[in-house]
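Protein chains: 2
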Amino acid sequence: MRVLYHFPLSPFSRKIRIILKEKELDFELIPENYWERRQEFLALSPSGEVPVLVENDELVLHDSIAIAEFLEESYREKPMLPPNTKDRAETRAIANWFDNKFYNEVTRYIFNEKILKFYKGSGEPNSEAIRAGKANIHSHLDYISYLLRKRKWLAGDEFSLADITACAHLSVLDYLGDVPWQHSDSAKDWYSVVKSRPSFRPLLSDRLMGFKPVKHYADLDF
Amino acid sequence: MRVLYHFPLSPFSRKIRIILKEKELDFELIPENYWERRQEFLALSPSGEVPVLVENDELVLHDSIAIAEFLEESYREKPMLPPNTKDRAETRAIANWFDNKFYNEVTRYIFNEKILKFYKGSGEPNSEAIRAGKANIHSHLDYISYLLRKRKWLAGDEFSLADITACAHLSVLDYLGDVPWQHSDSAKDWYSVVKSRPSFRPLLSDRLMGFKPVKHYADLDF
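Residue numbers (my numbering), protein chains in the order written: chain R, 1 to 222; chain F, 1 to 222.
The following block holds chain R by itself, in its conformation from the complex:
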C-alpha cells in the first residue's frame, strides 16, 4: 500500500493528499513530527521535511513539487495540469506562487510561530511575526480575486494544481482562524466551492492536539 508521511497542518502535505484523492489513488497516512528529525525519517527525506511519498518498496519520493509532477506523469487519467504547454506553465507559476511567495510571506510566519513553537516547546509565539504574516495575506487574497475576475478557477476553466496548492496553504491558516475572508468575497466563494470537493473533505476532519480549529473550519457554508 502506498504511504504518505505527513503532518496534518503542513500545506505541502495537504497539497499531495488532495492530489492523491483527486486521482483516486489509495494511500495510508502516517503522521510525522518532522521537527524531531528521527533518523529513520531522515533516511527517507534528506531535507527532513514532509511530505514523503512511499510509492512502493523501491520508490521513495520527497519534495512536494517533485511528488506532484511524479503523480501527474504517472497517473494521467485525472490530470491536475491542463493539456497545452502554455496553460501548464501558467498553472505551475500560480501553484509555485503559493508554495514559495505565499508560504514565505504568510504561512511560514504564522505556522512557525503558532504551531512549530508549541510542538517544539521553543517559547512563546512572536506576535510581531504573526502580525507580519497577517498583514501580508491581504495582497494574496487580492491576487486570487484578480485571477478569478477572468476565470472560473485560478488558472483557467478547470480545477487544477493551482487551486489545490492555494487552498492547501489557505486551509492551514483557516484552521487557525487567520484568513480575513471578509477581505474578498470572490476568494471566499472560490474556497467554499473547493472545500466541498470530496478530495478536500478529509482535511476538514483533521484535528491537531493543542489547537482547536475555528468554528467555521469544517462548515461548508461558512
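These are calculated hints, taken from the structure and not from any lab test. Any given hint could be a false lead.
To be verified - Pairs of lysine-lysine, DSS-like flavour, derived with a Cα cap of 25 Å: (1) Lys-23/F with Lys-86/R; (2) Lys-86/R with Lys-21/F; (3) Lys-114/R with Lys-101/F; (4) Lys-101/F with Lys-134/R.
Dock chain F against the given chain R, drawing on the hints supplied.
Below, chain F alone, put in the same frame as chain R:
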C-alpha cells in the same frame, strides 16, 4: 526573437540562461532592476520577480520553475530531465532543494544584504544575516559531496536540471567570494567542470556595477 528579462546575479535568471544555452535556443537578454517595480515589468511578472521569458508576442512566462518545465516540454532535443519518472522526481527534488532550501538558508541572506541593499540604497548590510548565510552553506556543500559519492552528476550519470540549479545559486555566491570551496573537494571539482561548459561561460563575463567578482570567479582552474 525570444527575450529573457533577467538580473545578472539572480540565481533564478541564471538557471534559465543556462537551460536556454544547453538547449541551443537563441535569446536576447534584457537586464531588469526588478526591485524598482516598473509598471511595464509588473504587467509581465505579477510577482515582480525575474526571470521573465517572452517566448513570443503571445506567450510571456514567469516563475523559473514553470519556465524550466515549459522549456523542457517544448524543446525535447536536449533534455534537462532524465527519461523515466522515478529519476525525474529525484532530479526535480534536488533542483527544488537549491531553489527553496538553499535559497532561503543561504543565497537570500547574502544576496539581499550585499546586493539588494546596495542597489536599493536601503542601508548597510546586516553582518549577522550574512554570517548566518555563510554558516548555513557548509551543510549544503556536504549535501553536494554526499550526492557525488554515488554519482557523476548531482542527480545521476547525466548533467541535469539539478546541476544547473545548484550551480546557478553557487555561482552567485562565488562571484561575491562567499563559497568556502576548501570545505569540499568534490563540490569544488564538480563546480569546476560545470564552469567549463559552454552554457555556463557567458555567466563568467557578467560584471555588476559596484561589485567586482573575486579573482577566481572566471578562472576555469581555480
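>> Going through the numbered hints above, which ones does this structure break? Give me the numbers in ascending order.
In response: none
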